[in-house]
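When you get a sec, could you build the whole thing from the sequences and use the hints?
Mapping of the sequence shown onto this note's numbering: residues 1 to 463, in sequence order.
Think of the hints as simulated: they come from the structure by calculation, not from any bench.
Careful, some of the hints might be misleading.
In silico lysine-lysine, DSBU-like type, Cα no more than 35 Å apart, as pairs [to be verified]:
| id | residue 1 | residue 2 |
| --- | --- | --- |
| 1 | K135 | K351 |
| 2 | K263 | K351 |
| 3 | K135 | K235 |
| 4 | K263 | K143 |
| 5 | K62 | K135 |
| 6 | K459 | K111 |
| 7 | K30 | K55 |
| 8 | K111 | K83 |
| 9 | K155 | K50 |
| 10 | K335 | K351 |
| 11 | K262 | K371 |
| 12 | K111 | K62 |
| 13 | K127 | K351 |
| 14 | K106 | K298 |
| 15 | K110 | K83 |
| 16 | K407 | K351 |
| 17 | K106 | K155 |
| 18 | K407 | K459 |
| 19 | K393 | K135 |
| 20 | K106 | K135 |
| 21 | K62 | K106 |
| 22 | K83 | K135 |
| 23 | K371 | K298 |
| 24 | K371 | K135 |
| 25 | K10 | K110 |
| 26 | K393 | K50 |
| 27 | K127 | K111 |
| 28 | K393 | K295 |
| 29 | K311 | K351 |
| 30 | K393 | K106 |
| 31 | K295 | K135 |
This one's a predicted model, so the numbers in the text were calculated from it and none came from an experiment.
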Amino acid sequence: MAKPSAPVQKNQTVSLAFEDLTHEGNGVGKIDGYPLFVPYALPGEEGDVKVVKVKKNFGFGKLLNRRQTSPERVEPPCDVYYKCGGCQLQHMGYDTQLTMKQNQVKNAMKKMAHLDHVPVHPTIGMKDPWRYRNKVQMPVGAKADGELITGFYQKRSHRIIEGMETCMIQDEENDRMVEAVRRIADRLNMTAYHEENDRGVLRHIMVRTGEETNDAMIVLVTRTQTLPHQDELIKELTETFPHVKSIVHNVNDRQTNVIFGKKTEIIWGDGYIYDKIGDITFAISPHSFYQVNPKQTKVLYEKAMEYARIKSTDTVVDAYCGIGTISLFLAQQAKQVYGVEVVSEAVHDAKENAKLNGITNAAFYVGEAEKIMPWWTAQGMRPDVIVVDPPRKGCDEQLLTAMAGMKPDRIVYVSCNPSTLARDLRILEDSGYDVQDVQPVDMFPQTMHVECVSHLTLKDKDV
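What follows is the structure, encoded as structure tokens:
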């Protein structure tokens, strides 16, 4: 029996009314019940759409014009918004962005986890949803005449957008430092790295800034083992930007999309910069994972603390502890915190951060949480609270089994991916826990990404 064909064909132009948004922020319109996903379209709008891809159950289109415009549409302040792949939602009013993200989480809970009963609260947004990123990583390229350029890649490509003077979600001072490195390196005739033939020198420029301290770190990534004109670069950068505390040279001599190579050398200043979230000071190295939006990180952690309801007698386990950001917050109230992390450098930094803050009731261990936690259980440890903040892929099922096996009274799950969060919450529900609620937090305004913190309690226990 022949499969039913889609009611549209590739390259066909159709008239479409938009009624919804996908989790990526694309407008959704339907032709005879067949959905077309169209970037930059908003619910309530109508226009002509060119069909660019057709699949069995859905297709993709390109918005050619609008005959009706949503009152939620705004003019993007970024000159390269429609070229750049970094932001997806600048054409959308901020309140609409927050509602979209709440709905994204609700849909994941309902469709993937069948947790319809779980409250998903309104997304906590920012007063000023611009210029929030404390870290920028810019690729370096060259014009036909060899002049260096920096900028983000165009969508679905490795072509750098020329003429990109600033980024509306990056710290303005970071923008200026990237531009200064590019200008100085260009004047010193440093060449840009070329992926096609694996030639050239300068690959990436990374700048990190402490929100509270204003400390800055500049990292120069080269293909070559040495950094040409190193002394001149250092002199000009430190004279121009007195708040720079660290200049780092990283060598990446592999043909890869990965930004950093294995060799890192501090060529000027300190190995760390410092920043504060709440009352906790963190030392941040070139490779440290540290949240890029400190203001919203404080909001997120305060919500995690509220959900954890830590008492002075509580023992807490922090899986995926990283450099100790959440662990040290928890240690302010708990009797003892145990952090576990697979990256040894992060555990070293976590221990140093504990010393830096005079915190003696937090211990950090290198290893896979799904293996260490069952061993702790066998030794008789029963934590009152487990906090987990995994990468986008979510938790390994072994880890979820290990968490449930420790029978903590409360679990706090921090997630940057609603889909894997929903999947893992379903498993924990089936393992003896009740999901109480989910709180989305807008850590990444103007983009489709959303962070969540959720709260689970052990069934049949008054906690």
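Okay, the hints, checked on the actual structure:
| no. | hint | result |
| --- | --- | --- |
| 1 | K135 to K351 | holds (23 Å) |
| 2 | K263 to K351 | holds (23 Å) |
| 3 | K135 to K235 | holds (22 Å) |
| 4 | K263 to K143 | holds (29 Å) |
| 5 | K62 to K135 | holds (32 Å) |
| 6 | K459 to K111 | holds (23 Å) |
| 7 | K30 to K55 | holds (14 Å) |
| 8 | K111 to K83 | holds (33 Å) |
| 9 | K155 to K50 | holds (19 Å) |
| 10 | K335 to K351 | holds (17 Å) |
| 11 | K262 to K371 | holds (27 Å) |
| 12 | K111 to K62 | holds (27 Å) |
| 13 | K127 to K351 | holds (34 Å) |
| 14 | K106 to K298 | holds (24 Å) |
| 15 | K110 to K83 | holds (34 Å) |
| 16 | K407 to K351 | holds (27 Å) |
| 17 | K106 to K155 | holds (28 Å) |
| 18 | K407 to K459 | holds (10 Å) |
| 19 | K393 to K135 | holds (23 Å) |
| 20 | K106 to K135 | holds (30 Å) |
| 21 | K62 to K106 | holds (27 Å) |
| 22 | K83 to K135 | holds (21 Å) |
| 23 | K371 to K298 | holds (30 Å) |
| 24 | K371 to K135 | holds (33 Å) |
| 25 | K10 to K110 | holds (32 Å) |
| 26 | K393 to K50 | holds (34 Å) |
| 27 | K127 to K111 | holds (31 Å) |
| 28 | K393 to K295 | holds (25 Å) |
| 29 | K311 to K351 | holds (23 Å) |
| 30 | K393 to K106 | holds (19 Å) |
| 31 | K295 to K135 | holds (14 Å) |
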